[in-house]
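K.L.:
Residue strings, one per chain:
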Amino acid sequence: MSPGLRRYIVVRILLTIPMLLILVTVVFFVLRVIPGDPALAIMREGASEEQLASFRAATGLDQPLHIQYLRYISGVIRLDFGEAMKRSIPVTEEIKTFFPATVELAMYSMLVTTTVGIFFGAYAAHRRKTAADYGIRISSIILYSLPIFWLGLMLQMIFGAQLGWLPVSGRLSAGMTPSPEETITGLYTIDAVLTRNWVLLKDALLHLILPCLTLGLVLAGIFTRLTRANMLDVLEQDYITAGRARGIWERVLVYRHGLRNAAIPIVTLLGLQVALLLAGAILTETTFSWPGLGRLVVQRIYDRDFTTLQGTIIFFAMIVAGVSLIVDVLYGFLDPRIRY
Amino acid sequence: MNNSHLSEANILYNIKDLVVEYHTRGVVVTAVDHVNLKIQRGEVLGLVGESGCGKSTLGKALMRMIEPPGDIVGGELWLDQTELMGLPEREMREWRGSKISMIFQDPMTSLNPVQRIDEHIVETIKVHEPETKKSTALERAQALFERLGIQKRRLNDYPHQLSGGMRQRTMVSLGLSLNADLIIADEATTSLDVIVEAKLVDQLEEIRKEFGVTILLITHNIALIAQIADRIAVMYAGRIIEIGSVHDVFLDPLHPYTQGLLQSVPNIKFDEREELYKMPGEPPSLSNPPPGCRFHPRCPKVMPICLKIKPQLLENTPGRQVHCWLYQNHPEKHQSTTEVAV
Amino acid sequence: MSETTPDISPAPLVDDDIGFVRRIWRGRIWYGTEWYITVAGGLILLSITLMTIMAPVLAPHDPNDFVGAPFTPPGGGPQALVARSGESPVASANEITDELIGVQRNQNGVNLAKEMELERERYQNQDELIAGLQNEEVDLVFIDQNLVPEVLEANPNFDVVNENLGRIYRLGTDNLGRDITSRIIWGARTILGVALASALLSSLIGIPLGLISGFVGGKVDRTLSLIMDSIYSFPGLLLAIALAAMLGPGLINVAVAISVIYIPTFFRVVRGQVLSIKESLYVDAARSLGAKSPNILRRYIFPNVIPSVTVVFSFNIADAIITAAGLAFIGLGLPPDIPDWGYDLSKGHSFLVAGQWWMITFPGIMITLVAAGFSLFGEGLSEILNPRLVK
Chain A
166 MSPGLRRYIV VRILLTIPML LILVTVVFFV LRVIPGDPAL AIMREGASEE
216 QLASFRAATG LDQPLHIQYL RYISGVIRLD FGEAMKRSIP VTEEIKTFFP
266 ATVELAMYSM LVTTTVGIFF GAYAAHRRKT AADYGIRISS IILYSLPIFW
316 LGLMLQMIFG AQLGWLPVSG RLSAGMTPSP EETITGLYTI DAVLTRNWVL
366 LKDALLHLIL PCLTLGLVLA GIFTRLTRAN MLDVLEQDYI TAGRARGIWE
416 RVLVYRHGLR NAAIPIVTLL GLQVALLLAG AILTETTFSW PGLGRLVVQR
466 IYDRDFTTLQ GTIIFFAMIV AGVSLIVDVL YGFLDPRIRY
Chain B
922 MNNSHLSEAN ILYNIKDLVV EYHTRGVVVT AVDHVNLKIQ RGEVLGLVGE
972 SGCGKSTLGK ALMRMIEPPG DIVGGELWLD QTELMGLPER EMREWRGSKI
1022 SMIFQDPMTS LNPVQRIDEH IVETIKVHEP ETKKSTALER AQALFERLGI
1072 QKRRLNDYPH QLSGGMRQRT MVSLGLSLNA DLIIADEATT SLDVIVEAKL
1122 VDQLEEIRKE FGVTILLITH NIALIAQIAD RIAVMYAGRI IEIGSVHDVF
1172 LDPLHPYTQG LLQSVPNIKF DEREELYKMP GEPPSLSNPP PGCRFHPRCP
1222 KVMPICLKIK PQLLENTPGR QVHCWLYQNH PEKHQSTTEV AV
Chain C
-9 MSETTPDISP APLVDDDIGF VRRIWRGRIW YGTEWYITVA GGLILLSITL
41 MTIMAPVLAP HDPNDFVGAP FTPPGGGPQA LVARSGESPV ASANEITDEL
91 IGVQRNQNGV NLAKEMELER ERYQNQDELI AGLQNEEVDL VFIDQNLVPE
141 VLEANPNFDV VNENLGRIYR LGTDNLGRDI TSRIIWGART ILGVALASAL
191 LSSLIGIPLG LISGFVGGKV DRTLSLIMDS IYSFPGLLLA IALAAMLGPG
241 LINVAVAISV IYIPTFFRVV RGQVLSIKES LYVDAARSLG AKSPNILRRY
291 IFPNVIPSVT VVFSFNIADA IITAAGLAFI GLGLPPDIPD WGYDLSKGHS
341 FLVAGQWWMI TFPGIMITLV AAGFSLFGEG LSEILNPRLV K
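If you read the protein sequences in the order shown, they are chains A, B and C. Heads up: the first sequence begins at 166 in our numbering, then just goes up one per residue. Heads up: the second sequence begins at 922 in our numbering, then just goes up one per residue. Heads up: the third sequence begins at -9 in our numbering, then just goes up one per residue.
Please keep in mind that the hints were generated in silico from the structure rather than gathered at the bench. Fair warning: there could be bad hints in the mix.
[Said to hold, decoys possible] Cut-off 35 Å, straight-line C-alpha distance, at most; resulting in silico cross-link-like pairs (DSBU-like, lysine-lysine): (1) B/K1222 / B/K1199; (2) B/K1047 / A/K294; (3) A/K251 / C/K209; (4) A/K367 / C/K337; (5) A/K294 / B/K1120.
[Stated by the list, open to error] Sample of chain A residues with no beta-carbon within 12 Å of chain B, all distances over it, derived: (6) R171; (7) V176; (8) L180; (9) Q233; (10) S239; (11) V268; (12) A297; (13) I303; (14) G329; (15) L359; (16) T406; (17) A407; (18) W414; (19) L418; (20) L499.
[What the hints assert, rightly or not] Chain A residues, not near chain C, derived (Cβ > 10 Å throughout): (21) L188; (22) P229; (23) Y288; (24) D368; (25) P430; (26) D500; (27) I503.
Even for Gly, the Cβ is constructed at its ideal location relative to N, Cα and C.
Bound-form chain A, shown alone (with noise of 0.2 Å):
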């Protein structure tokens, strides 16, 4: 590893301090905007004095503001999220016990994801400016700007209700959840291949398909004009055409010298890929009743349990500072600019 590539990494990993500080202080201050009385807000009319003031006496909301963020903050340092509210719960339990969901969701939606940008928009910027390339523009910009939680319902309507094809809510069938010996990761796929429980494997696979094409999709129109733009720049350069010159195959200067080149700054993008991905994952959970930690926060806000939804934001923060740090590390090692 040359000493460029050192440092550029250990830049990296330092700059993620402060961004990280800076989220959790935005939702510091984000979850403390509620106008009025806070204490109220939460138990809602009916509280009597005493019931209000043991839980500001509870929660610290009687302190200072600047106490109240050093407590905070330490306990963030300390991953310590507190208890939900009206739960007993740790925080931190309730983000192990739905985040497998999430991850398993984004997964596979990432996958579609790619695969339809990278080829529509490899595609549409090889075949610049001819009705293809139009179409794919278009379609990707009429894709994005569905509603997200929309193509799920329209989904499920056709492809449940009417056609009777895909299930359309939950994870798994009733009765298929596997015990807790069998549950190794919580991602239902990958434990099912590791116990070799196939049955379980398909049931879960059936019920991934709509979820992840939905959100799947939707990024997909995102994706592939990324795609294209870094692919037209990179089909612009001097090399491809001194690749022509010397005989090399136009499918090969595109998709093989063409990507090559265009998948590091998309790599670079993917951090904000996942940020979306998250996002969009609330709405599909919703849509699908997909027991993930989208579908948590929005249980939460309904719930009014500020607490819970708290340590989700902070986990979803750090999560997304933590993906673009890989992100930004692999890049690092992508381009031999910065290797050597």
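With chain A fixed as given, assemble chains B and C onto it according to the hints.
P.N.:
Only chains B and C this time, still in chain A's reference frame:
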């Protein structure tokens, strides 16, 4: 090389009446306007002209590498008894790199930044000779590099790790890797500093002597032409306006544009009182060119006929062609015609 | 053989004294397909704006009124006046004075009868309604127009007295009997209002911050950039959800919640422009302009910044529309008395299972259409203003 006349058997590339147009934003630009040119086997032909005169387009057209919105709309390209315009694209692709190759202006951007140098060469070889083993191809690459004075270990590097001169020599070796008959050097030295440029030019000379390649040198650097070219072709606004041996043309330029061009080269025997000669006017717009001879707005020897009718590229003297009414007759022309001595 | 060239050269394409509209039309040739894309987007925007402005005129009903029967399918509504053959007391519906009309509960016949101020007899379901006519309890009934053929087939002694009475609900009604067409037309206002408000907020904060940051540079720039990058990389919807949950329902609150997401985008774009202009102008400024930097830079920066900002603004509105719909779906949107496409979507969710698809489909199509319209406009404009130069 004796250039007093061209023998038919010796013509490597015969360009007949080539027309290249660009269609963009509602206008049509004729970048190459009925060009006729014969490139002799083994010679170094210099193609000279201002920016925008069409010389780069001509170079690309010779390899049928004109991309939309441009298109070759007329003419024939006879490379070694084969008419290239009639070839289907997949056959044309086989000719690129193996029979004709091109060296580009900017070696940094002409090399794939994520591909090692040896991969560049090996890929080129395998594309045209798929049966070649990788090890054989590598050996050939090493031999070429030695020939051109680059260390073998550089083959493992990425382009950004090489110096400018090394990169350009890499480009040259890529051009030679398949023993092409014709190398088109499109402004190959423009981005190099003078010392590196001199080295490169020396190497081009050596290659030509040793391998017998034909070189089409496209440049706006006249000194370069003087140094290494056998013949010179001058291009203006999409047309070839003068062709001849370097010796003849430099000694006695016929076309007023060529005269102006040579006059504007600073001479080391400068008289300090003399000002640098500057040709008046600007190159014409190729989408809306002047009628008649395209040079007439700037020509010091302009005649009435020049505004109305285009002259032809005529070979009045063996070995020299000029595109100018000064040396041609026409019923509407009333001025006298100059005879050119052999 | 020499050639003659024509004496007159072709006229240049761009004159200076043509009007604005003709210039746009000429752009067709100049810009090619991008032009069509931008214009298509622009047309959609214009239509929506028209719909917004002319809502009171265009909408057949008040969007909050329960004008029809709940769950009327699209095209439903019109009723037929049916009687036993030869026994109809009237020749047409207008002649009814005090005859009793049989109507089915929760069907549009009830509303029609109410409107015509007729005496009605209510039946629980269609069977009882038909029985009522057969048994001569009533002499006239209102039946849904599209059910008439099968009713006549089952009961050959019935006859149609009058057809196609009453309103037609082109897109159907929702679960409370509100006309969906009207809700769609009035909903345009809401969605545009929210999106526009949030985009304005984002730009009002993001643009000045970007200007300052790019201009001043140094620590201020680095700090601001870090903050903006952090927010930018965060899932936008999540931030909006958190804010919306805290602030509570209401149009302004939703607009504020959404606007926070897009402040970094404006910031980045403007800052980028300022930086590149700074770089290109510093040389000139150093040489000839002296120390008048602030004014001159501002005069140079603005015309360059405006095109990019317009494009970003367009995309911003498109995004804001989708985000607002998302918020409504979760339940964090506007109060129910404001007609809102997102709200309709969230309410219609539960009825999809029962097969009442029209409550969701039309608002969804509209959201997609408007968001796509703004995006197309922005995309085409961006290609025109910053074209990718082909070598």
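K.L.:
Hint by hint, note whether the structure agrees.
P.N.:
Here is what the structure says about each hint:
At roughly 16 Å between alpha-carbon atoms, B/K1222 and B/K1199 fall within 35 Å of each other, so this suggested pair holds. At roughly 32 Å between alpha-carbon atoms, B/K1047 and A/K294 fall within 35 Å of each other, so this suggested pair holds. Between the alpha carbons of A/K251 and C/K209 the distance comes to roughly 45 Å, so the proposed pair goes past 35 Å and is violated. Taking the CA atoms of A/K367 and C/K337, the gap is about 33 Å. The hint holds against a cut of 35 Å.
With a C-alpha separation of about 43 Å, the suggested pair A/K294 and B/K1120 falls outside the 35 Å cut-off, and the hint is violated. Taking the minimum C-beta to C-beta distance to chain B, about 18 Å, the non-interface status of A/R171 holds against the 12 Å cut. For A/V176, the requirement that its beta carbon stay farther than 12 Å from each beta carbon of chain B is met, with the minimum near 21 Å. For A/L180, the non-interface assignment is confirmed: its Cβ lies about 25 Å from the closest Cβ of chain B, beyond the 12 Å cut-off.
For A/Q233, the non-interface assignment is confirmed: its Cβ lies about 51 Å from the closest Cβ of chain B, beyond the 12 Å cut-off. Separation of A/S239 from chain B is adequate, the least Cβ-Cβ distance of about 46 Å exceeding the 12 Å criterion. Interface exclusion of A/V268 from chain B stands, the closest Cβ pair being 31 Å apart, more than 12 Å. Listed as outside the interface, A/A297 is consistent with that label: its C-beta sits roughly 14 Å from the nearest C-beta of chain B, beyond the 12 Å cut-off.
Annotated as non-interface, A/I303 keeps its C-beta farther than 12 Å from every C-beta of chain B; the closest such distance is 21 Å. In this structure A/G329 is separated from chain B by more than 12 Å, as the shortest Cβ-Cβ distance comes to about 49 Å. The Cβ of A/L359 sits about 36 Å from the closest Cβ of chain B, beyond the 12 Å cut-off, so the non-interface label holds. Listed as outside the interface, A/T406 is inconsistent with that label: its C-beta sits roughly 7 Å from the nearest C-beta of chain B, within the 12 Å cut-off.
With a closest Cβ-Cβ approach of about 4 Å to chain B, A/A407 is found to fall inside the 12 Å limit, against its non-interface label. Listed as outside the interface, A/W414 is inconsistent with that label: its C-beta sits roughly 7 Å from the nearest C-beta of chain B, within the 12 Å cut-off. Remark: the non-interface label on A/L418 conflicts with the geometry, its nearest Cβ contact in chain B lying 10 Å away (cut-off 12 Å). The claim that A/L499 lies off the interface is violated: its Cβ sits roughly 8 Å from the closest Cβ of chain B, which falls inside the 12 Å cut-off.
With a closest Cβ-Cβ approach of about 5 Å to chain C, A/L188 is found to fall inside the 10 Å limit, against its non-interface label. Even its closest Cβ contact with chain C, about 20 Å, leaves A/P229 beyond 10 Å, as expected for a residue assigned away from the interface. The Cβ of A/Y288 lies farther than 10 Å from every Cβ of chain C, with a closest approach of about 17 Å, so its non-interface assignment holds. For A/D368, the shortest C-beta to C-beta distance to chain C comes to about 22 Å, beyond the 10 Å cut-off, and the non-interface label holds.
At roughly 15 Å, the least C-beta separation between A/P430 and chain C is larger than 10 Å, which holds for a residue marked as non-interface. At the 10 Å boundary, the C-beta of A/D500 stays outside the reach of chain C, the nearest C-beta of that chain being 20 Å off. Residue placement check: A/I503 keeps its beta carbon more than 10 Å from all beta carbons of chain C (closest about 20 Å).
When each numbered hint is compared with the structure, violations occur for hints 3, 5, 16, 17, 18, 19, 20, 21.
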